[in-house]
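Q: Residues 23 to 156 in our numbering are what the sequence shown spells out, letter by letter.
The reader is advised that the hints may include incorrect statements.
As the list claims (entries may be wrong) - Computed Cβ-Cβ distance ranges for the label pairs, DEER-style: (1) His135 <-> Met106: 51 to 57 Å; (2) Thr102 <-> Thr49: 39 to 45 Å; (3) Phe155 <-> Met106: 44 to 50 Å; (4) Lys42 <-> Thr102: 32 to 38 Å; (5) Arg105 <-> Arg51: 47 to 53 Å.
As the list claims (entries may be wrong) - The calculated DSS-like cross-link candidates involving lysine-lysine, where the alpha carbons are at most 30 Å apart (straight line), are: (6) Lys29 <-> Lys42; (7) Lys42 <-> Lys31; (8) Lys108 <-> Lys42; (9) Lys82 <-> Lys147; (10) Lys33 <-> Lys100; (11) Lys31 <-> Lys108; (12) Lys153 <-> Lys33; (13) Lys46 <-> Lys29; (14) Lys100 <-> Lys41; (15) Lys108 <-> Lys34; (16) Lys146 <-> Lys82; (17) Lys147 <-> Lys34; (18) Lys42 <-> Lys153; (19) Lys31 <-> Lys80.
Derived by calculation from the structure, the hints in this document are not laboratory data. Backbone N, C-alpha and C fix where the C-beta goes; we use that ideal spot for every residue, glycine too.
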Amino acid sequence: MFLQPRKTKYKKTRKGRLKKLEFKANTIRFGELGLKAEVSGMITARQIESARRAIARKIKRKGKIWICIFPDLPITSKPTESRMGKGKGAVSHWVARVRGGTTLFEICGIPMHIAIEALKSGSKKLPIKTKIFD
23 MFLQPRKTKY KKTRKGRLKK LEFKANTIRF GELGLKAEVS GMITARQIES
73 ARRAIARKIK RKGKIWICIF PDLPITSKPT ESRMGKGKGA VSHWVARVRG
123 GTTLFEICGI PMHIAIEALK SGSKKLPIKT KIFD
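All chains, please: the whole structure from these sequences, using the hints.
A: Below, the structure is given as structure tokens:
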């Protein structure tokens, strides 16, 4: 099952605009090594899960992984070949808004060279430019 909120106040929301940089969530809080977003963008729940699986596979489930973002924004879409009007479409998927500098994943409990390799493989699954930092 992909990440999504259990309950929301409103079923559908507006997407809004993304700000450029993040100054609060740009440090490591739990692990030893982290994966940081360099640019702002939207990451879907499927992409987060895919990156998490790639990282977990590389570290052979030895260390600990923290996911520091959560997809809380519903994205709607109308069915193909439907006419204009008739309201907003149904929720198709959930995304996380990510600003530049946000920590995406944190990792600890494994050797440094394996951790770097794991975070590189996880970053390949994400649609935005990322950077490994400690």
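Q: Next, verify each hint and record whether it holds.
A: The hints, checked one at a time:
1. His135 <-> Met106: 51 to 57 Å: 55 Å, holds
2. Thr102 <-> Thr49: 39 to 45 Å: Given about 43 Å between the Cβ atoms, the range holds.
3. Phe155 <-> Met106: 44 to 50 Å: 46 Å, holds
4. Lys42 <-> Thr102: 32 to 38 Å: 34 Å, holds
5. Arg105 <-> Arg51: 47 to 53 Å: 49 Å, holds
6. Lys29 <-> Lys42: 29 Å, holds
7. Lys42 <-> Lys31: 27 Å, holds
8. Lys108 <-> Lys42: Roughly 34 Å between the alpha carbons, so the hint for Lys108 and Lys42 is violated.
9. Lys82 <-> Lys147: 18 Å, holds
10. Lys33 <-> Lys100: Answer holds: Lys33 to Lys100 is near 15 Å, not above 30 Å.
11. Lys31 <-> Lys108: Holds: Lys31 and Lys108 sit about 23 Å apart, inside 30 Å.
12. Lys153 <-> Lys33: Not satisfied, since the Cα-Cα distance of roughly 34 Å exceeds 30 Å.
13. Lys46 <-> Lys29: 26 Å, holds
14. Lys100 <-> Lys41: 27 Å, holds
15. Lys108 <-> Lys34: 15 Å, holds
16. Lys146 <-> Lys82: 18 Å, holds
17. Lys147 <-> Lys34: With a Cα-Cα distance of about 27 Å, the restraint between Lys147 and Lys34 holds, given a limit of 30 Å.
18. Lys42 <-> Lys153: OK: Lys42 and Lys153 at ~16 Å, within 30 Å.
19. Lys31 <-> Lys80: This hinted pair is violated, its Cα atoms lying about 38 Å apart.
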